[in-house]
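The lines below spell out each chain.
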Amino acid sequence: MTGTTRSVPAAGQAAPIVAQGRTKAVLSEGKRAERRLGLLLCAPAAVVMIAVTGWPIVYSIWLSLQRFDLRFPAKREFVGLQNYLTVLSDGYWWTSVVVTVGITVVSVVIELVVGMTLALIMHRTLVARGLIRTVALIPYGIVTVVAAFSWKYAWTPQTGYLADLVGPDKAVLTERLPALGAIIIAEVWKTTPFMALLLMAGLALVPDDLLRAASMDGAGPWQRFVRIIVPVMKPAILVALLFRTLDAFRVFDNIFVLTGGAQGTGSVSMLTYDNLIKGLNLGIGSTMAVLIFIAVAIIAFLFIKGFGAAAPGSDQGGKR
Amino acid sequence: MTVIGGAETRARKVRWSIIDIVVVVYALIPVLWILSLSLKSKNTLTDGNFVPREWSIQNYIDIFHTNEFLLALVNSIGIALIATAIAVVLGTMAAYAIARLDFPGKQLLVGFSLLVAMFPQVSLVSPLFEIERSLGLFDTWPGLILPYITFALPLAIYTLSAFFREIPWELEKAAKMDGATPAQAFRRVIAPLAAPGVFTTAILVFIFCWNDFLFAISLTSTTRSRTVPAALSFFTGSSQFEEPTGQVAAAAVVITVPIVLFVLFFQRRIVAGLTSGAVKG
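Protein sequences, first through last, are from chains A and B. Everything in the first sequence is counted per numbering that gives the first Met the number 0, starting at 0 for the first residue and increasing by one. Everything in the second sequence is counted per numbering that gives the first Met the number 0, starting at 0 for the first residue and increasing by one.
Don't read these hints as lab results, they were simulated from the structure. Just to be clear, a hint being listed does not mean it is correct.
Unchecked claim - Pairs of lysine-lysine residues, derived as BS3-like cross-links and limited to a Cα-Cα distance of at most 25 Å, are as follows:
hint, chain 1, residue 1, chain 2, residue 2
1, A, Lys74, A, Lys277
2, A, Lys233, A, Lys277
3, B, Lys175, A, Lys30
4, B, Lys12, A, Lys30
As the list claims (entries may be wrong) - Only some residues are given here: those of chain B computed to face chain A with a beta carbon under 8 Å:
hint, residue
5, Arg11
6, Asn42
7, Leu44
8, Pro51
9, Ser55
10, Ala84
11, Met176
12, Gly178
13, Pro181
14, Ala184
15, Ile206
16, Val247
17, Val262
Stated by the list, open to error - Beta-carbon label-pair distances, calculated as ranges:
hint, chain 1, residue 1, chain 2, residue 2, range
18, A, Arg175, B, Asn48, 44 to 54 Å
19, A, Ile109, B, Arg11, 44 to 54 Å
20, A, Arg211, B, Val13, 18 to 28 Å
All figures in this text were calculated on a predicted structure; none of them were measured in a lab. We put the beta carbon where it would ideally sit given N, CA and C, even for glycine.
Using the sequences and the accompanying hints, generate a full structural model.
The following block contains the structure:
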């Protein structure tokens, strides 16, 4: 959409060049064709992405300003910011915010540490490098719900191998903190390999000469890691952190399967889903959707502006 | 790195082997556990043993006798394949343009894809639920395919444009010198060279679609379009009176098979695809 409308000024710009001479006219003819082709090739992807994300988010803002409960469709009316007041003064909402932030922070921190270790292992191992990389991809590829069921049954008393370890009369998934711990373990297990792969790509950029030189100057492994590897990898680390943080903030599948959001373990996504599908309350559901959208926008902004994480693709112009 | 003696090398190899084993155990335990559960007989299902005491494939026989699972499997395969095909085609076109052509609005598209990649999917659930209901798309294949394409596109565009940048420019220029139009150069010269990248992207996109749970559970309501991950959470099994643990496990193993095959056969490609798309961008 944005693409096609722009082709008009582009053609206009090309016109004066045409007048300048034969060689340039031929070139600009090619340039124009190139521009047209570029816009044409991008248009379908752009249209789909805008149609499925742009329009619904606008629609979602509109819905969030209405009282709209599918069980009582006749009572639909415009209520301004009332839904926002309702949600923001609701204890369940804030519980789910705390749970979401907690899960995000704890799991991303653990993932960074374990992921970095795994990345170093995959990068450095002398034996079975291919095997290790293959095996590490399994948690990444496996369907989250499948993994979640595996964890659920592992913690189920009598059925599971982990339930036996923690004691026969403890039901991990029915108490709040242990259940949150189980959710975090499931999240960490599933996503650490992805983190490790991103970090491994960053590790490949660390020049070996530099490490060797530092080693000769007497730097130990830890010093080499902190003084050389981490600074060189900083962009890769920040991108990995950004993506994992945003992803963790959307945590849903594991909670749905493991606890169903009971005992105050529901995330904001879980609460939104419950309000929409179980409560059929579109107004409140949309309000939460908009609030989550804003929260994610703030996180992304903080990472990109605050920590200077280079958004992937931002260096594209120069690289062509 | 430095020159090392034979004995020391062996010691290091042993150390690495131990570390490697830890990684293998870490990655495989939950997978082996669900496999083991699915192969336990009814009597031993709740014995809590990691390895089945009594082996049985009854759970697999049972799930393949329920419509619930079979229909969900057909939905999963069909929806994921169609969404993958469309996303890869659209992504290939856009990525080619981004990697090779100069046109206004390019940075805009790259930026917008990034926004979509960061987009909280749950924010779309409420409006899409309502929009799809009024358009008659709710609980249909297209109703799921559309959001899948949308969220797969950034992944496809980033991965593919990274692959496309590695393709030698000169060949395309040579084709143009020989009189090919940009479109012909794309079809005849670049497309065959790009096939491995396109294939890798297709795997990543398929995994993404195959994996989705949130849309699958929010935008479907019957076996008409419910995919396996969503169906699993509604699974009642062949009998109403027992926990369908064994059957859920068997169904879970079935939908894990394609993932394991991809990983086994295309490990290198998947690693290359994931890292090129996300880091080099």
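To see whether the hints hold, each was checked on the structure:
Using a Cα cut-off of 25 Å, the hinted pair Lys74 (chain A) and Lys277 (chain A) holds, with the two alpha carbons roughly 19 Å apart. Of the pairs offered as hints, the one joining Lys233 (chain A) and Lys277 (chain A) is violated, with about 44 Å between alpha carbons and a cut-off of 25 Å exceeded. Under the criterion of a C-alpha separation no larger than 25 Å, the hint pairing Lys175 (chain B) with Lys30 (chain A) is consistent with the structure, at around 13 Å. Proximity of Lys12 (chain B) to Lys30 (chain A) is assessed by CA-CA distance (about 57 Å); at most 25 Å being required, the pair is judged violated.
With a cut of 8 Å, the hint placing Arg11 (chain B) at the interface with chain A holds, because the nearest CB-to-CB distance is about 6 Å. Taken as an interface hint, Asn42 (chain B) does not check out: its beta carbon lies about 13 Å from the nearest beta carbon of chain A, beyond 8 Å. With a least beta-carbon distance of about 7 Å to chain A, the hint placing Leu44 (chain B) at the interface is held under the 8 Å criterion. About 12 Å separates the beta-carbon of Pro51 (chain B) from the nearest beta-carbon of chain A, more than 8 Å, and the hint is not met.
With its C-beta approaching chain A no nearer than about 16 Å, Ser55 (chain B) sits outside the 8 Å limit, and its interface hint is violated. Hint status for Ala84 (chain B) relative to chain A: violated, with the closest Cβ pair at about 13 Å, above 8 Å. Restraint check, Met176 (chain B) versus chain A: the minimum CB separation of about 12 Å is more than 8 Å; hint violated. Checking Gly178 (chain B) against chain A by beta carbon gives a least distance of about 13 Å; that is not within 8 Å, so the hint is violated.
Checking Pro181 (chain B) against chain A: minimum C-beta separation of about 5 Å stays under 8 Å; hint holds. Evaluation of the Ala184 (chain B) hint against chain A yields a violated restraint, the C-beta minimum of about 10 Å exceeding 8 Å. Among the interface hints, the one on Ile206 (chain B) holds; its C-beta lies about 5 Å from the nearest C-beta in chain A, closer than the 8 Å criterion. Because the smallest distance between the Cβ of Val247 (chain B) and any Cβ of chain A comes to about 6 Å, under 8 Å, the interface hint for this residue holds.
Interface hint status for Val262 (chain B): upheld, as the beta-carbon distance to the closest one in chain A is roughly 5 Å, under 8 Å. Remark: the range hint 44 to 54 Å for Arg175 (chain A) to Asn48 (chain B) is contradicted by a beta-carbon distance near 29 Å. A hinted range of 44 to 54 Å for the beta carbons of Ile109 (chain A) and Arg11 (chain B) is inconsistent with their spacing of about 28 Å. Distance hint for Arg211 (chain A) and Val13 (chain B): a CB-CB separation of about 24 Å, consistent with the stated range 18 to 28 Å.
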